[in-house]
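Chain order of the listed sequences is H and V. Taken in order, the first sequence gives residues 27 to 290; the numbers are from our numbering. Taken in order, the second sequence gives residues 2 to 137; the numbers are from our numbering.
Any given hint could be a false lead.
[To be verified] Label pairs and their in silico Cβ distance ranges:
{"hint": "1", "chain 1": "H", "residue 1": "Gly275", "chain 2": "V", "residue 2": "Ile62", "range": "26 to 36 Å"}
{"hint": "2", "chain 1": "V", "residue 1": "Ser118", "chain 2": "H", "residue 2": "Tyr36", "range": "40 to 50 Å"}
{"hint": "3", "chain 1": "V", "residue 1": "Ala41", "chain 2": "H", "residue 2": "His234", "range": "44 to 54 Å"}
{"hint": "4", "chain 1": "V", "residue 1": "Gly79", "chain 2": "H", "residue 2": "Asp46", "range": "34 to 44 Å"}
{"hint": "5", "chain 1": "H", "residue 1": "Glu98", "chain 2": "V", "residue 2": "Tyr103", "range": "48 to 58 Å"}
{"hint": "6", "chain 1": "H", "residue 1": "Ser58", "chain 2": "V", "residue 2": "Gly79", "range": "30 to 40 Å"}
{"hint": "7", "chain 1": "H", "residue 1": "Ser110", "chain 2": "V", "residue 2": "Asp117", "range": "51 to 61 Å"}
{"hint": "8", "chain 1": "H", "residue 1": "Gln272", "chain 2": "V", "residue 2": "Ser95", "range": "35 to 45 Å"}
{"hint": "9", "chain 1": "V", "residue 1": "Gly65", "chain 2": "H", "residue 2": "Ala160", "range": "22 to 32 Å"}
{"hint": "10", "chain 1": "V", "residue 1": "Gln73", "chain 2": "H", "residue 2": "Pro256", "range": "52 to 62 Å"}
{"hint": "11", "chain 1": "V", "residue 1": "Gln38", "chain 2": "H", "residue 2": "Ser110", "range": "43 to 53 Å"}
{"hint": "12", "chain 1": "V", "residue 1": "Arg132", "chain 2": "H", "residue 2": "Glu45", "range": "26 to 36 Å"}
{"hint": "13", "chain 1": "H", "residue 1": "Glu245", "chain 2": "V", "residue 2": "Gln73", "range": "48 to 58 Å"}
{"hint": "14", "chain 1": "V", "residue 1": "Tyr78", "chain 2": "H", "residue 2": "Glu98", "range": "23 to 33 Å"}
It should be emphasised that the hints constitute simulated quantities derived from the structure, not laboratory data. C-beta atoms are modelled at their ideal positions from N, C-alpha and C, and glycine is treated no differently.
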Amino acid sequence: MEGREAIADYLQAEFPFLEDTGVLSPYPGGRSAGLQRLEQFQLEKYGKQRNFLDGEVGRLSPYISRGCMELEEVRQWALKRGKSNSVEKFVSELAWRAFFHLVYEEEGDRILKDMEKPKVSMRQHQTTLPEDIANGETGIPSMDTFIAMLKETGYLHNHARMYLASYIVHFRHVSWRAGADWMYGLLIDGDFASNHLSWQWVASTFSHKPYIFNRENLERYAGSVLPGDPRKGDPFNYSYEELSEQLFGGEYQPEQSRTSGSYR
Amino acid sequence: MSALVWFNEDGLNPQHQMVQDYADSPKVYVFDVEYLQRWAIAKHRIQFIYESLLEIPNIEIYKGETVAVLRQLITDYGVNEVVTSETPNHLVKSWQDELLKYTSLITYPEVYPTIDSRPRRFSHYWRKCDREWLTL
Numbered sequence: 027m028e029g030r031e032a033i034a035d036y037l038q039a040e041f042p043f044l045e046d047t048g049v050l051s052p053y054p055g056g057r058s059a060g061l062q063r064l065e066q067f068q069l070e071k072y073g074k075q076r077n078f079l080d081g082e083v084g085r086l087s088p089y090i091s092r093g094c095m096e097l098e099e100v101r102q103w104a105l106k107r108g109k110s111n112s113v114e115k116f117v118s119e120l121a122w123r124a125f126f127h128l129v130y131e132e133e134g135d136r137i138l139k140d141m142e143k144p145k146v147s148m149r150q151h152q153t154t155l156p157e158d159i160a161n162g163e164t165g166i167p168s169m170d171t172f173i174a175m176l177k178e179t180g181y182l183h184n185h186a187r188m189y190l191a192s193y194i195v196h197f198r199h200v201s202w203r204a205g206a207d208w209m210y211g212l213l214i215d216g217d218f219a220s221n222h223l224s225w226q227w228v229a230s231t232f233s234h235k236p237y238i239f240n241r242e243n244l245e246r247y248a249g250s251v252l253p254g255d256p257r258k259g260d261p262f263n264y265s266y267e268e269l270s271e272q273l274f275g276g277e278y279q280p281e282q283s284r285t286s287g288s289y290r
Numbered sequence: 002m003s004a005l006v007w008f009n010e011d012g013l014n015p016q017h018q019m020v021q022d023y024a025d026s027p028k029v030y031v032f033d034v035e036y037l038q039r040w041a042i043a044k045h046r047i048q049f050i051y052e053s054l055l056e057i058p059n060i061e062i063y064k065g066e067t068v069a070v071l072r073q074l075i076t077d078y079g080v081n082e083v084v085t086s087e088t089p090n091h092l093v094k095s096w097q098d099e100l101l102k103y104t105s106l107i108t109y110p111e112v113y114p115t116i117d118s119r120p121r122r123f124s125h126y127w128r129k130c131d132r133e134w135l136t137l
């Protein structure tokens with residue numbers, strides 16, 4: 027640990043413009059740390075638990091995104107475990123990464139703009155990130171917890187990224203680009219392909235519909251890691267029909283049930 | 002041919018094929034200060050990259066403007082090609098394009114199944130390639 031602290035001090039001196047979080051990320055860099063994580067990853071639990079914030083996920087993304095490990099070798103590692111629902115789910119998540127790269131490879135920096143027309147109106151969305159979000163002081167403990175996790179660790183569970191993006195774009199009416207740029211810088215695994223295209227997926231400029239969540243969904247998948255939000259004035263405590271009316275003025279009708287957690 | 006192996010932030014693998022193919026070539030990484038500031042790259046990412054670089058034997062780590070630093074290194078080492086790993090990152094690609102004015106460039110591609118049509122939905126991509134993905 028001493029070594030990592032010395033590195034942190036050295037980097038702070040070399041790059042004085044960096045904000046010093048005062049803590050080390052729990053994700054040490056390097057291929058060996060990535061391989062170690064792979065060894066500890068209980069892939070057999072992934073299929074059932076992956077959408078839960080306290081469920082078993084690989085947390086390999088920093089190592090794959092930064093190229094410490096190749097996507098192909100992780101794919102082979104998984105397939106050597108034999109066939110199972112977990113293996114298939116995990117490999118399909120690796121394929122999402124490749125899919126995003128394929129789109130980025132073809133589109134170049136056009137992925138920084140709307141890929142498609144949004145399916146709900148976004149003309150009034152503000153183009154800069156509000157300070158309370160950047161500072162993790164929205165007043166909603168759940169969202170502030172996600173923001174604090176992101177800043178303190180440089181990582182967020184995929185479902186938390188989706189909640190946060192949805193909150194920022196649809197509940198706060200901030201352009202997806204402002205949120206995506208902000209998150210890109212904070213993530214160890216920041217990658218324009220996965221990050222910006224996922225924000226567009228949430229926004230509905232790279233999907234058929236906007237991604238929204240409600241209290242029931244948040245509690246089910248993330249409740250165990252969240253401090254609990256006040257009931258009064260809770261922006262999430264509605265049915266999807268009610269939320270759709272409030273957020274999109276009835277422009278978009280959600281499907282009857284979106285509590286499955288299959289947010290992709 | 003003498004070469005310079007240039008790592009980018011999307012390819013920090015000490016076991017990468019290019020490292021094996023160019024084992025005797027100098028290996029370098031450049032922290033591009035303008036990029037780090039423009040995109041407000043957080044310290045955790047920079048530390049992660051730095052720690053990853055420490056696992057690459059004999060890596061030389063620089064900071065500055067990527068292309069300017071590489072041009073200087075090309076001159077200093079007297080190399081006539083730069084070897085690197087491919088990434089879709091448009092910023093890295095623009096550095097690669099700029100470098101091409103001064104040297105030849107060898108890029109090692111990313112490995113994953115591709116399709117001919119322009120994919121717009123993952124479901125389409127997955128339907129076309131799921132077997133390839135799920136077969137060893």
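> Checking against the hints above, which ones are violated?
Replying inline: Numbers 1, 3, 5, 7, 12, in rising order.
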